[in-house]
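Work out the full structure: start from the sequences and follow the hints.
2 protein chains.
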Amino acid sequence: MNNFTFYSPTEFVFGRETETQVGRLCIRYGARRVMIVYGGGSVVRSGLLDRVKDSLTREGIVCCELSGVQPNPVDTKVREGLALAQEFQPDFLLPVGGGSVIDTAKAIAVGYYYEGDFWDFYIGKAKPHQALPVGVVLTIPAAGSEGSGNTVITDTRTKVKTGLREPMLLRPRFAVMNPELTMTLPAWQTASGISDMMAHILERYLSNTPDVQIGDRLAEGMLLAIMEMAARVMKDPLDYEARANIMWCGTIAHNDTCSLGRKEDWFSHAMEHEVSAEYDVTHGAGLAVIVPAFLLYASRHNPHKVAQLAHRVLGIADSGDMEEDARQGALALKAWLHDVLRMPVNFSQLGIQAPDLELMNTRLHKLKGEVLHGYMDLDAAATMEIYRMVME
Amino acid sequence: MNNFTFYSPTEFVFGRETETQVGRLCIRYGARRVMIVYGGGSVVRSGLLDRVKDSLTREGIVCCELSGVQPNPVDTKVREGLALAQEFQPDFLLPVGGGSVIDTAKAIAVGYYYEGDFWDFYIGKAKPHQALPVGVVLTIPAAGSEGSGNTVITDTRTKVKTGLREPMLLRPRFAVMNPELTMTLPAWQTASGISDMMAHILERYLSNTPDVQIGDRLAEGMLLAIMEMAARVMKDPLDYEARANIMWCGTIAHNDTCSLGRKEDWFSHAMEHEVSAEYDVTHGAGLAVIVPAFLLYASRHNPHKVAQLAHRVLGIADSGDMEEDARQGALALKAWLHDVLRMPVNFSQLGIQAPDLELMNTRLHKLKGEVLHGYMDLDAAATMEIYRMVME
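The listed protein sequences correspond, in order, to chains A and B. Note that the numbering used here numbers the first sequence so that position 282 is 282, with each residue one more than the last. Note that the numbering used here numbers the second sequence so that position 18 is 18, with each residue one more than the last.
Careful, some of the hints might be misleading.
Since the list can't tell identical chains apart, any single copy or any two copies may satisfy a pair.
Claimed, not checked - Derived pair list, reagent style DMTMM-like, types lysine to aspartate or glutamate, alpha-carbon separation capped at 25 Å:
no. : residue 1 : residue 2
1   : K263      : D239
2   : K235      : D211
3   : K334      : E324
4   : K263      : E17
5   : K127      : E166
6   : K334      : D321
Keep in mind that the hints were calculated from the coordinates and are not lab data. Given the structure is predicted, the values throughout are model-derived calculations rather than measurements.
Structure (C-alpha cells):
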C-alpha cells in the first residue's frame, strides 16, 4: 500500500426532502451572495429550482442564475458564467443538477480568482491556488462530482475534453442528496449514470499496487451492491430504496473511498472522453462500450485484477486459468451492461456508424502522451486495438 | 435506507514516516500552543515523542505534556488534564497513542470550555457546544477514535463506562497514521485491536433497517479484508502491508462508512463496557468473548443478518435453514477469534474466574434502560443469558 492523504470534508445531507435545508447549509458555510448554476428543463419543471430559491431567500441570501449547462459541459458556458460572476460578485456557487452542472461551477470557482484563461488549469499551464466555495444540490447520480475534487470540461474549439483534480480546493462544502429527485430520471440516463459509477470503481480497481486488500474488497462490495440495485431500478424506476443505494454509491465510487494507497488507471475514461468530445454521446453510455473492450484487452495482457473481479463479483468460478477467467469476466460484464442496463455494446449501437478511430486515437495520445502508463502500458497500437474492438 | 448526514472532515495522512509532518499539520490547523497527551512507555522509548516534539518545535509551536493515560481511560486523568489546560491555555490538543489517549484528549477538549464537570456530557446532563481542536498521531489501530466523533471514559467512583458522540465537534482535524509505528505492538494488543474493529463493523451490520445493501456490502468487504490481513500479521508482526490494511480498516470501521442510513446496535459494546469497567480487562479481548455470545443469542432470536454474515463472510454454505446457518456463523467467528487471533473465548480465559454477572447486568440496565432496543429487544433476562453464555 502506498502512502496517501485522504481529505473529504464535504458535509453530505442525504435523504427525503433534504433540499429544504439548502438555505441553512449555505448560511453555515458563509454564503450571502449565491450564484445558482443549472441546466434547464427538469430542474425548472419539477419545481426544484423554485424550492431551492425559496430556501435561500428565507435566509436572506441574494441570488443570480446561470442556466443552460449541457451534458458534456463546455468552456463557452464556463466563460459565460465567469462574466456573470465578475458582474454579480458571488461569495458561493450552488450547482443544482448532475456532473455537468457541478463541473461547470467548479471551473468558474477556480477561474474567478485567476487573471488568465481558466482553461490554463485544465491543460496544466497554471495551478489554481484559490477557489470560490461550492455547495451542491444533486439530481443525477453518476459523475460523483458532489464528493470529488475533480472537474471535466471540453474545449469546443479543439474538442479536447480533460479534467482538473484539486481535492483541497474543489471538494464541495456540502452536498444535498435527495433520492426522490432521481425517481423521474429516464431509464437511459439512470443506466448511463450507473455505468459511469461502475467505471469509476473499476478504474480504481485496475491497479498493480500490491496488498491493497481493503480497497479491493470495498470496490467489490460497491459493485455487488450497485449491480443488485441497478437490476431493481431498471424494473421499477420508483423504487426509492434502490435509487438511494445507487445515489450514495455514486458518491463513494468517486471520492477515493476504494482507491487509497494505490496507483489508479484512468485510461478507459480518457479513451471515452475522445468519443464523447467528438460525437457528443452520453459519457456513461460511451463508457459502457469502452470498458468491456478495455477489460477484454487486459485479460490478454495483464489479467490478474480482471480475473479477481470475475471471481468475486461476476460469478465466474475459478478454473485455474487466469486469462480465460478474466476473459469470461469481461464478457459477463459486457452482457450485464447490455441485458440489465440496456446499454449499447458497440459504436453502432451508441449511434456512431463510422467513427473516426484514427482521429480519436491521435488526439488521445497527443493529450496523454505516447504511452499511457497505467495498469498496462498502452501505446497507440494498443489503444487502437481497443477502439477497434468496440466496432464489433 | 434512513436519511443521514455524513460529515468526516478529518485529514488523514497515512503511510511511512508521516509523523514528520505533524508540526506542519498543526500549523495548518491554527495551533500555536499544543498540549501533547500520551500514555507512557513505548511512545517515549521508541523515540516517537521526541520526533513529534522536534516537528512541533521546528514550527515554533510551544508544548506542554500530559502523560500516564492508561487503557480504559478514566475521569481522574481527564481532570488532571483539565487542570493542566487551565494553566497552560492550549489552543490545540495532540494525543499521541491509541484510543485511550485520544478519548482522554477529546474529553479535555469539551471540558475545557465548560464551567461544570466534564462528566455531565457523558451522562447526558449537558450538551457541549464548543471544543478545543484535536489532531492525532495514532500508534494503536483499534478504537477508530482518530476518525470518529466519539469518546469513551470510565468514572472511577461509580465504575460507569460510557461514551459521548459529537461528530460535529469531536472529529479530529487531522490524523497521522504510520503503520510502521504499529509493528512493535505485542500480539495480544494487535489482536485485541482487530477484535475491537470487527465489533465496530458488526455492531453497524446488525440492523433491521431494510435496503441498506451498500453499507452491508462495504461492511462485509471490510471484514473479509481484515480477516485475511489478521491471519498474516499474527504470523509475521513485521508485515508492513498487513499492518497498513489493518490500520486503515480500523479507521473506516468506526467513521460510519459502513453504517450510513441505518439504525445501529451498540449493545455488545455496552455489555463489554461493564466487563472492562469492573475487571479492567482489555476492551478488544472483552469484545472477543461477548460478540460471539451475542451472535449466538441473535441466531435464535433474530437470525437474518447473522445468517447473511455467515454466508458472505464466514464461509458457511446456504443450507436453507437461516437459524442454523446463523448459529454456524457465530460458532465459526468464535473459532476464528480463538484460533487465528488467539483471543479468549470465555470469562475464565479472559482472566475473570468468578465474574459478578448480576452486578454487571444491573449496571448495564441502570445505564441503558430496562430494555435495550437494538437489533433485538433485550431485557435483563436476555442480557443475563448472553453473559451466562460467556461462562462456557
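- Query: Are the CA atoms of K127 and E166 at most 25 Å apart within a copy, between copies, both, or neither?
  - Reply: Within one copy only: 9 Å inside, 37 Å across.
- Message: Regarding K334 and E324, is the shortest C-alpha distance of 25 Å or less found within a copy, between copies, in both, or in neither?
- Response: within (15 Å within a copy, 38 Å between copies)
- 25 Å Cα threshold - placement of D211 relative to K235: Answer is between; shortest inter-copy Cα gap is 16 Å, intra-copy 38 Å.
- Taking 25 Å as the upper bound on the Cα-Cα distance, should K334 and D321 be classified as within, between, both, or neither? within (20 Å within a copy, 35 Å between copies)
- Homomeric proximity label, K263 with E17: Cα distance no greater than 25 Å: Intra 38 Å, inter 19 Å, cutoff 25 Å: inter-copy only.
- Is it within, between, both, or neither for K263 and D239, if the alpha carbons may be no more than 25 Å apart? between (36 Å within a copy, 21 Å between copies)
In this structure, every one of the numbered hints holds.
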